[in-house]
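Let the sequences and hints guide you as you build the complete structure.
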Amino acid sequence: MTRFVTGRELGLMVCTRCRATVRAAVRATEPVSYGCPRCGARVHSRKPESLATTAALLATAALLYIPANLLPVMQTRSFMDIEDDTILSGVLTLIQEGEWPLALLVFVASIVVPLLKIVALGWLLLSLHRGWRGHVHAKSKLFRLVEYIGRWSMLDVFAISLLVALVQIRSLATIHVGLGALAFGAVVVLTMLAAQSFDERLIWDAETHG
Amino acid sequence: MASVIVCHACDLAHRRDPVLPAARVRCVRCGAEIYRTNGASIDSAIAIAICAGILLVLSNLYPLVTFDLNGALRDTTLLGATVGLYRQGYVPVAALVLLTSFLAPLFEISAVLYLLLPIRRRERALAQNPAFRLLMRLRPWVMSEVFMLGALVAMVKLAALSHVIPGISLYSYGALMLALSALTFIAPSEQFWHWAQGFRE
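Protein chains in written order, with the numbering used here: chain A, 1 to 210; chain B, 211 to 411.
Derived by calculation from the structure, the hints in this document are not laboratory data.
We put the beta carbon where it would ideally sit given N, CA and C, even for glycine.
Any given hint could be a false lead.
As the list claims (entries may be wrong) - Facing chain A, according to a computed beta carbon distance under 8 Å, are these residues of chain B, among others:
1. Ala219
2. Cys220
3. Leu222
4. Val275
5. Phe277
6. Gly281
7. Gly290
8. Gly294
9. Gln298
10. Leu306
11. Val307
12. Leu359
13. Lys367
14. Glu400
15. Trp403
Below, the structure written as structure tokens:
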């Protein structure tokens, strides 16, 4: 097997903003920060407090995931009745209308993706914390998937924002935002920030130094 | 530091060919893309950014969707989606929608032009580096393609109730989505420094 040499062993760091390779003044076995000579961003060998930050953001997101799914995200008021819609009931309505592909899309983007992000990042944090080795390529792929799909959960928030703007016909029907949408928006933002603060390199460090 | 390039995703050090005009390099261990320049001309990047800017203006001038409920017509623009949330007191959600559907794309387009136009004249934009860093920080929050799908979902839901008419903005915003993807593709961050260096020499 080839011996892999890391930047840290050579006293080199990568700028997270412009990805320039930067020489550290001393051998950076400890996280030391410098200004990137190319773009001026702070450069660290590893993102400082990465796991603690990710864990804190993720725990908040996991907690808010509950009201995001239980509370109504939208309320339709017409002269006949008042109807509350949660994320899931919105999906069920689409199924009843026979819009299968769209129902699947909303289900994946709004329910599966946030849950996957929380479970996957939680598992990665736990495995780094406990020093579980192995499956390093799978872990790295999982993280990239989480990072890539994160933004798609905004789908329902956008749909609600347009419905609220359009259906304001007082004599017939009005649509109002529900508290669930607030919690849901927070889950999207928090999970995106959690993924951004997670340092992928720690997955590989655990393998070589653990 | 031209001889070694370190992977941002797994910290593996790679020996690097110092002259790589247009290349896409993947990390041999983790497969992350660690270096990408495409040899595109700075003019084509500027042209796409201008095109995206015009599309963004158009997207704000015309209605996105018109909704016809028994003859009662109501339409909304791109910013109308934010205003509706704001009026109902959901300020954080309104801010999030405003940022991801309008402000972040607007900033991306302006920042690309602000950074590239001076380079083309062999100059350097004022506060070039902070502008570049802000651009990199905001890029993940540009969600125009997600907004397009969200608009589609909203339209299907409304179509169940009555007639829905797509507006001019919906098409221009769709085109904006493509222009922004092209911009990210043609002007990756490494390419920017490549241009900055090339024009100064």
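Structure-based check of each hint:
Evaluation of the alanine 219 of chain B hint against chain A yields a held restraint, the C-beta minimum of about 5 Å falling below 8 Å. A cut of 8 Å between beta carbons decides the hint on cysteine 220 of chain B: the least distance to chain A is about 4 Å, and the hint holds. Among the interface hints, the one on leucine 222 of chain B holds; its C-beta lies about 6 Å from the nearest C-beta in chain A, closer than the 8 Å criterion. Taken as an interface hint, valine 275 of chain B checks out: its beta carbon lies about 6 Å from the nearest beta carbon of chain A, inside 8 Å.
A hinted interface residue such as phenylalanine 277 of chain B counts as satisfied when its beta carbon comes closer than 8 Å to some beta carbon of chain A; here the least separation is about 4 Å, so the hint holds. Nearest Cβ of chain A to the Cβ of glycine 281 of chain B: about 10 Å, over the 8 Å cut. The hint is violated. Among the interface hints, the one on glycine 290 of chain B holds; its C-beta lies about 5 Å from the nearest C-beta in chain A, closer than the 8 Å criterion. Evaluation of the glycine 294 of chain B hint against chain A yields a held restraint, the C-beta minimum of about 4 Å falling below 8 Å.
Contact between glutamine 298 of chain B and chain A, as hinted, is supported at the beta carbon level, the nearest pair being about 5 Å apart and thus within 8 Å. With a cut of 8 Å, the hint placing leucine 306 of chain B at the interface with chain A holds, because the nearest CB-to-CB distance is about 5 Å. With 8 Å as the threshold, the beta carbon of valine 307 of chain B comes within range of chain A, its nearest partner Cβ sitting at about 5 Å, so the hint holds. The closest approach between the C-beta of leucine 359 of chain B and any C-beta of chain A is roughly 6 Å, which is under the 8 Å cut-off, so the hint is satisfied.
Because the beta carbon of lysine 367 of chain B sits about 7 Å from the nearest beta carbon in chain A, less than 8 Å, this interface hint is met. Contact between glutamate 400 of chain B and chain A, as hinted, is supported at the beta carbon level, the nearest pair being about 7 Å apart and thus within 8 Å. Because the closest C-beta pair between tryptophan 403 of chain B and chain A is about 6 Å apart, less than 8 Å, the hint holds.
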